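Q: Which chain is which? The protein sequence lines are A and B, in order. Residue 382 in the numbering used here sits at position 352 of the first sequence, with consecutive numbering throughout. Residue 682 in the numbering used here sits at position 393 of the second sequence, with consecutive numbering throughout.
Be aware that one or more of the hints could be misleading.
As the list claims (entries may be wrong) - Computed list of lysine-lysine pairs in DSSO-like fashion (alpha-carbon distance at most 27 Å, straight line):
hint : chain 1 : residue 1 : chain 2 : residue 2
1    : A       : K449      : B       : K525
2    : B       : K338      : B       : K376
3    : B       : K297      : A       : K450
4    : A       : K73       : B       : K317
5    : B       : K297      : A       : K449
6    : A       : K450      : B       : K578
7    : B       : K654      : A       : K450
8    : B       : K292      : A       : K449
9    : A       : K450      : B       : K604
10   : A       : K69       : B       : K654
11   : A       : K449      : B       : K690
12   : B       : K604      : A       : K73
13   : B       : K723      : A       : K453
14   : A       : K73       : B       : K723
15   : B       : K677      : B       : K729
16   : A       : K69       : B       : K303
17   : B       : K604      : B       : K297
Stated by the list, open to error - Covered stretches of chain B, going by a simulated chain A footprint (3 or more residues, C-beta under 8 Å):
hint : stretch
18   : 423–429
19   : 582–596
20   : 676–688
Honestly, the hints are just simulated from the structure, not real lab data. Model, not experiment: these values are computed from the prediction. Even glycine gets a Cβ: it sits at the ideal position worked out from N, Cα and C.
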Amino acid sequence: MKALKKVIQNLDPKFEKGGKWEKMYPLYETLSTFLFTPKHVTKQGAHIRDGVDLKRTMFMVVLALIPALLFGIYNTGHWYYELQSYLNPEQYGAYSDYLTGFVDKVIYGLFQVLPLVIVSYGVGLGVEFIFGFVRGHGLHEGFLVSGMLIPLTMPADVPLWMVGVATAFAVIIGKEVFGGTGMNIVNIALTARAFLFFAYPTAMTGDKVWKSGTSDIIASNGGVLPDGASGATALGDMASFVGSSPMVSGEALSANASSAELLQKFEGTYDPLHAIIGMIPGSVGETSLIAILLGAGLLLYTGVASWRIILSFFAGGFAFALLMNLIGANAYMDMPAYYHLIIGSFAFGAVFMATDPVTASQTQYGKLWYGFLGGGLAILIRVLNPAYPEGVMLAILFMNIMAPLIDHYVVQANITRRKKRFKIA
Amino acid sequence: MSKAVRLKKGLDIKLLGEADQVKVEAKKPTMVALKPSDFHGLVPKVTLKEGEKVKRGEVVFYDKYNKDVKFVSPVTGTISEILRGEKRRILEIRISVAATDDPVKVNPIDPSSISREEVKSMMLANGLWPFVKQRPLDKIADPSVNPKSIFISAFDSAPLAPDYDFIMHGQDQFFQHGLNALAKLTDGKVNITLNGKDSSDDCFQNAKNVEIHKIIGKHPAGNVGTHIHHFDPIDKGQFVFTLNPQDVVIIGKFFAEGQYDASRIVALTGSEVEERKYYKTIIGARLNKILDGNLTSENVRVISGNALTGRAVEKDGFLGFYDAHITVLPEGDDHKFFLTEGWLAPGFDKFSSHRLFPTWLIPNKRHRLDTNLNGEERGFVVTGEMEKVLPFDILPMQLIKAIMVNDIDAMEQLGIYEIAPEDFALCEYVCTSKIAIQEKIREGLDVIGEECM
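One chain only, chain A, in its complex shape (with noise of 0.2 Å):
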């Protein structure tokens, strides 16, 4: 280590202004503070420093992330044994069972996930080097994160070059052009989806992405799924009782039967524990709780995310989803309030999207209206508009931009609070 450190020593005058490598200073300032925090020392002002940096407190995210990782890869891997058992029910008809083939479903996942990882960040840090060298400073720390957000919040199949152009526009309109890292409005990696959600629609919706491979045995079998099998999600399923031909995982059902006949089918479909472990079709991140409890429990044990807009983004969607209860006017706004937080990118985005403090509510009061309002607006879209099956990222992304005029609120309580003490005196 003292020989590195010795290396990096002799370096540093090289690369600064007036060295020889002077044009090469970001690069080098960020792989240099990659390994050593610099030698800069306080001024003036606290002679001490707390510990923490945005190293850091952004890599505690980033390991938050890697249980919700690591399950989206086993279950990318499962979902398309799953379907190649119905086509070949010699070779792989055990492969539907969860548990079976561990080691077969890693491995594909492995393949279908990691190259959306690389892409992610290989376009996203690019992106970030350039706005460096044209800044004249290193990496900051921010895409860190967005980078393995974007990967997870991906269907598995999506085409390589559509997260690139996604993640270029994120990284570039989203953030760079407000000034980088801490400036942006809304959040990168629920923009980079955006994105891919209005502009590659076929893509990111419908029953052909959600499972692995989809496309492929339709291909190979004339055209259509094989018999018995399906490509939809839960809340695609939920959303078609709203319309004319109600279906469960692709069985079409009566379209007069009733909302009691409807949740029946739909619960024996998806088992609510199988979808607190994560055992159902979604985006690579988003299908499993516990992975994202998991995460979650590390970022409120550091303090790194603000509990106040995770526990009130929950109570808003239940709270909004009982509303939904009560008025009761179709199957879905009787599903259970329960199911709506553990299905579809619920907890995903409350864990790991809402919280991003940049682009939430920055007042402590504001994160609780943030966190409910989103919350309640997530199941609103899903329940009210099923054009829109998954309500979560565009309530965020909606919150995004109202979270200043929340704070705005609260500046203004407070403001008026001290101004009263005055008036009494």
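Assemble the complex: chain A is given as a structure, and chain B must be docked to it using the hints.
A: Chain B alone, transformed into the frame defined by chain A:
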């Protein structure tokens, strides 16, 4: 006495190296200095030339924009050097100390028996006025204003802070005399705030002619800013004066004995000091007599004041005008490998207000912290961290941002009149983005001072 106020917010940074409760007489310094930079915004006009003789208590310079405010020599001696920096700004006025002491003498007088104007003019003419600071703006008080109250903190809660109960023990008489003089300066009250955690020294407990408050909590519980905010907040157009207890004694002594006595008991603290004690020395004393042979290593930072708000000085630098505290910390100018000491290390050696380090599990451990920034400056990312260490009904992040964009209306509304940079020292300490927050606050106060006062 009102009930003790309990603060929920704040942070006690447990540093290694508290001073033992022993008072020793420091060797008499051969050189002292007056540093105009101790007084923010002051432009000094020096009345003596290099080589001229000066008596203890004789005027050395005055404030160019407020000629009544005079600064006097703490010792008898000779002006040896006037040190100038950029644009010929005066950095230090060095006075070499003579062997025999020859103070300027006036007739002692009981301040209770004279008028406000007489007290004021005596304090101004004899160099006592600079001990009186004002809020807003945190600078030497403007003698023309009528403060609504005066605040004195009976304790210091900063890291390794001196124990004022120990320092002030036995000074009851002069302290009371000083309080009587200060009581003349305001139509309101002189407020003393005690540490509600333990009992305070008699000189505070039994002080008369004052209002006594109690406050319990972590740092900044001992800051006058915290006390003002909780007991008598400042609105725009109002003024509060603040003083340190030892300076009240100097004022009291002047009225009682008729001469300026610049003695000051300072706590020598910090992990890099061998003999950590309370030293009796004088304001502006060169520190070499105290520090030479008393440091454990060469690469240290000597701070006149505490680790959060003090000023860095050389090892043979001079004690600041308001300081009763010297802190010596290891300099942190070394690369730290990320796995062993840096950002991804376990971090048992780092004290953090964040739970990202395991040190919160061992709350009683005292830490040897160095002056490394522990990171690089970034834009604001993390929110809510400053709110935890600022026991004010003030939104720190919003106020700092208002200062950054120079929005005067917002600064006023968000409470800039109530604060001083020192109140935000902990915000600077905890800031993940390593932003120089005290400097920003000072910039904001400067703008307000120019535009609104």
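Q: Give me the numbers of the hints this structure contradicts, sorted from smallest to largest.
A: 4, 6, 7, 9, 13, 17 and 18
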